[in-house]
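Undergrad: Fit chain B to the supplied structure of chain A, relying on the hints for placement.
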Amino acid sequence: MGIIRELPASVINQIAAGEVVERPASVVKELLENALDAGATRIDVAVERGGKDLIRVADNGKGMSPEDLPLAFRPHATSKLAEAEDLFRIATLGFRGEALAAIAEVSKTRCQSRPADAAEGAELSIDAGVPAPIKPCGCPPGTVIEVRHLFHNTPVRRTFLKSDSTEAGHVLDTFARVALAHPTVHFTFRSAGKLVHDLPSVTGLKERVAVFFGQELADSLLWVESQVESIHLWGYVAHPSQSRSTAKAQFLFVAGRYVRDRSLGHALNEAYRGLLMVGRMPVAFLHLELPPEEVDVNVHPTKVEVRFRDSQRIYSQLLSTVRQTFLQSDLHSRLQPVDDASPKETAPPASSYTLSTSSADRQAVASWFTPSASPPLNFKPYPSPGYAGGPLAPTNLPEWAKSLPTSPPVASGDAFNELGPASVSTAEPIPDAPAPEPARDTPPALAVPDLPLKAIQVHDSYLIAETRDGMMVIDQHALHERILYEELRERVDRGHVESQRLLVPEPVHLSASEAAIVLEQAEVLARLGLEVEGFGGDTVLVLSVPAMLTGLSPERLLRDLAEHLRTKPLEPTRDALVAELLHMVACKAAIKAGQRLTPAEIDALLERRGLVHDIHHCPHGRPTALIFTKSELEKQFGRI
Amino acid sequence: MKALCNCEGLLTAFGMVSGVVPARSPKPILQNVKLVANTDESSILMGTDLEVGIRHRVLGMKVEQPGTVILPTARFGSILRTSTDQELALEADGDHLMVRGLHAEFQLPGEDASLYPEVPDFGASAYHVVSAADLRKLIRRTIFATDLETTRYALGGVLVELTAESITMVGTDGRRLARMSAPAETENNAPNPGGSPVIPVKALKLLERNLNDEDPPVHIAVQSGAAAVLVRTERAVIYSRLVEGRFPRYQDVFPSHVDVKIPLEVGPLRLAVEQASIVTNDESRGVDFQFSSGYLKLASQTADVGSSHIELPINYEGKPVDITFDPRYLIDALKTLDDKTSITAELIDSKNAAVFKTDDRYTYVVMPLTRDR
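Respectively, the protein sequence lines represent chains A and B.
Going by the numbering used here, the first sequence opens with residue 1, and the numbers climb by one from there.
Going by the numbering used here, the second sequence opens with residue 1, and the numbers climb by one from there.
It is worth saying that the hints were derived from the structure and are not from the lab.
Predicted model only: the values in this text are computed from it and were never measured.
We put the CB at the ideal spot given by N, CA and C, even for glycine.
It cannot be assumed that every hint is accurate.
[Claimed, not checked] Some chain A residues close to chain B (C-beta under 10 Å, calculated; not the full set):
id: 1; residue: L488
id: 2; residue: G529
id: 3; residue: S544
id: 4; residue: V545
id: 5; residue: A547
id: 6; residue: M548
id: 7; residue: S553
id: 8; residue: E555
id: 9; residue: L582
[Unchecked claim] Computed beta-carbon distance windows for the label pairs:
id: 10; chain 1: B; residue 1: K27; chain 2: A; residue 2: F160; range: 55 to 65 Å
id: 11; chain 1: A; residue 1: R556; chain 2: B; residue 2: L115; range: 32 to 42 Å
id: 12; chain 1: B; residue 1: K27; chain 2: A; residue 2: C587; range: 31 to 41 Å
id: 13; chain 1: A; residue 1: R556; chain 2: B; residue 2: P28; range: 27 to 37 Å
id: 14; chain 1: B; residue 1: A164; chain 2: A; residue 2: C587; range: 44 to 54 Å
id: 15; chain 1: A; residue 1: S320; chain 2: B; residue 2: D339; range: 56 to 66 Å
id: 16; chain 1: B; residue 1: V258; chain 2: A; residue 2: R262; range: 51 to 61 Å
Excised from the complex, chain A in its bound form (with noise of 0.2 Å):
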């Protein structure tokens, strides 16, 4: 007798279970994604238990007739897909069919639907896959689906969840991320009873930001877009002072979705490449817009990956996009506010509605500081116009998408080209706009090169400077540090590289990753001046190093670009490389703080201040100045 033998359906759903339910998250991700399938406009979301007991969705979607309701609970059987062919185009969140069957095996679930057009709804429940008959009741238009005692058949998989608190806050990282790629969606999120989110349908993104991660990040966000061919690429970045320690503050969300990537994630890292500190990480909301067939969802069963057909192609989009917008944004540090979240003492006349909102975005970049620039908090919900048109089919997400910048009817279009200075000269003439004028807005940084700086040192390590709209406060080894990576930087891309040849070889032992990484860009290397050859097993034999780095020892230079090349996933550009090693250099040669500076010395450094491209950042990422607007004195002295 054979050994081999088919396994019944249930257990084959209680192993797809496995993939896609690993915990209550994951069928809050699975249900709120049906549901917007479904054409919701409204969700709500409930748990109790932090998902172990209870997870109930309700949608006003398109819902189910009693004949497609059983079907729905079957493995594999779907409305989103109709042939393999469809598996290259998906426009939904899911086509495998195969959630609702797997969350039925390993919970009591019951389901109940209708559709806008039915006289009375249908109620199907399953309990451990075995279901009821389908019975008659009553509900509004819409599907309302409740899973009660997740994993109460496998105890083995009960046993590894997490405390209550904790798969709660799965849960709501999961419900966060649904809630921000689908702003246009009124979402509700209730844990123990209690309500936590209530997230009306907003048009923007950044309104969704200030609930998930507040208001000072929201306000401090900036707008990047950009559209290659067939690609559209939006959404916001945060200003280089918000930072996080991990990448979990990284939303990238495509078609919708909310995915992981490697590669954007490092595009995105890049681009922030010299702003943030080094162990921080970037902030970002960004929205990829792109035709099904140039991506393929169907990777993984959750989803959270994604592969694109021209990668490369989207991570210098990505990289230009977000680069592009800081070298036309002023990037310097603000000094944090006080009380900056006293509420605007009146509410925004409806008139001039419209032009906070775009002034809003500039603000983000001028001058989110200021403290009696009113950023709009309260927003009432706000119909887009391309919103207008009955239920949300999620396939035209991309048209409320491209309504996004120009929804505010007034605001020209180039209102979002971040801080062109067209956008402030549009802001200019409001005449009732609260209380400091936009115009004093204007980034310093556009106004800094041709100020004659006048400043004081004090602490032998900090300049002082008056500037047009208040005083600035520079840190003289950041700064310096700065100017000469650029001078550098700028030297070493038209001349040549020197290297050093070495009388004795130095072998350089290295982990096996770093060694084969390290040969395998011998040549990059090599055009840097670091000649480097394999001498067996993990050891490389250095044979020069670069002429302008010989107080370096060869060891710890190889090593340092060996995990520059290592921890990078994509080819190392001989930019990066070189900016690397000039990050060393312009750091051993810059004054420090401690060093008194002579009259003089504070002109020179100050007037070469105008010829760096980023002087709000040392490469390091430190900032190299702090701004204190003249309000901003005015109002802590009182005088306002």
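TA: Same frame as chain A, but now just chain B:
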């Protein structure tokens, strides 16, 4: 202890010893120097940082009551330098040290002299003997090539090889290497020290300051087991621990054959290299050397700084050779040589080591710079 000291004699010794004393030390007593007063004109001033130590003879001491006293380096140094007296009276009991001149009197706290570590004396009966002038030259011509930063090799000092006939010193930082030999003798058939004793730079600098060309020969004893070296000069004994670690096999550095030999004179060459290096900077430091018949052309070019072209007539007829050097490496070595010295450059091509040799057994090897041209 009670003694009358000649200020000049004490100041000479003090100047030499205080250079060893650490400014900061986890053992505060090391921030002092120790004076051992003996009645028989053999009073000794000593200082150490436990790596390097020196025992220096103090001349002109009239000792009434022998003993040992600890002197605070900075304060006592100031007293000596500002004193107008010919002689100073030192008197120490358990608690205090009294320093008296004609019109000045100081009371300093006394410290327990037995806590001060003993600096080893030159005890060896078999040792090597080298002329003071030669030893000075050896040190000056090798010490600049060392590298204090590296930890991989023992490059923070100079390798000393002693045989029955000669002493050889080698200093390198992995990019250039200086080697010089001089004649030496042995006393009591001293064996050649095993291993590769590397004397730290600090000890060599101290030794060099201690030497005059006219001094009588210097005695050197390497204690392989104790990993230390003792050097006896006319006035002092210098003790130093050896640098731990391996010295690279420097013999492999010298090319086995060379293509061209070019005779040069140090003075003009040094001037030319110094001129060419004016328009280099830290990021672009190469100077191109073009050796051709009758002429050496030096060229350097640096963005933002400028360029230079220098010509030097040379006595050379042969195939042209192009090579790029970091000029500082050449200047370092040329500065230690007399301007009239003739020096021979031995070259292969732009990628291989260049060797410079003088008639007095000095060899200097430099690796060239390469550039993606």
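Undergrad: Could you check if M548 of chain A really has its C-beta closer than 10 Å to a C-beta on chain B?
TA: 4 Å, holds
Undergrad: Is 31 to 41 Å a correct range for the gap between the Cβ atoms of K27 of chain B and C587 of chain A?
TA: At roughly 34 Å between Cβ atoms, C587 of chain A and K27 of chain B fall inside 31 to 41 Å, so the hint holds.
Undergrad: Can you verify the interface hint for G529 of chain A: is its Cβ closer than 10 Å to any Cβ in chain B?
TA: Given a least distance of 8 Å, the restraint on G529 of chain A holds.
Undergrad: Is the hint on V545 of chain A kept, meaning its closest Cβ partner in chain B is under 10 Å away?
TA: Status holds, d = 8 Å.
Undergrad: Against chain B, is L488 of chain A within 10 Å by beta-carbon distance?
TA: 6 Å, holds
Undergrad: In this structure, is the beta-carbon distance linking R556 of chain A and L115 of chain B contained in 32 to 42 Å?
TA: 40 Å, holds
Undergrad: Does the nearest C-beta of chain B fall within a distance shorter than 10 Å of the C-beta of S544 of chain A?
TA: 7 Å, holds
Undergrad: Taking the least C-beta to C-beta distance, is S553 of chain A closer than 10 Å to chain B?
TA: Holds, about 6 Å.
Undergrad: Holds or violated: 51 to 61 Å for the Cβ distance of V258 of chain B and R262 of chain A?
TA: 53 Å, holds
Undergrad: Are S320 of chain A and D339 of chain B spaced within 56 to 66 Å by their CB atoms?
TA: 59 Å, holds
Undergrad: Per the CB criterion, is L582 of chain A less than 10 Å away from chain B?
TA: Hint on L582 of chain A: holds, closest Cβ of chain B at ~9 Å, below 10 Å.
Undergrad: Is the interface hint satisfied for E555 of chain A? The criterion is a beta-carbon contact with chain B at less than 10 Å.
TA: 6 Å, holds
When the structure is compared with the earlier hints, no violation turns up for any of them.
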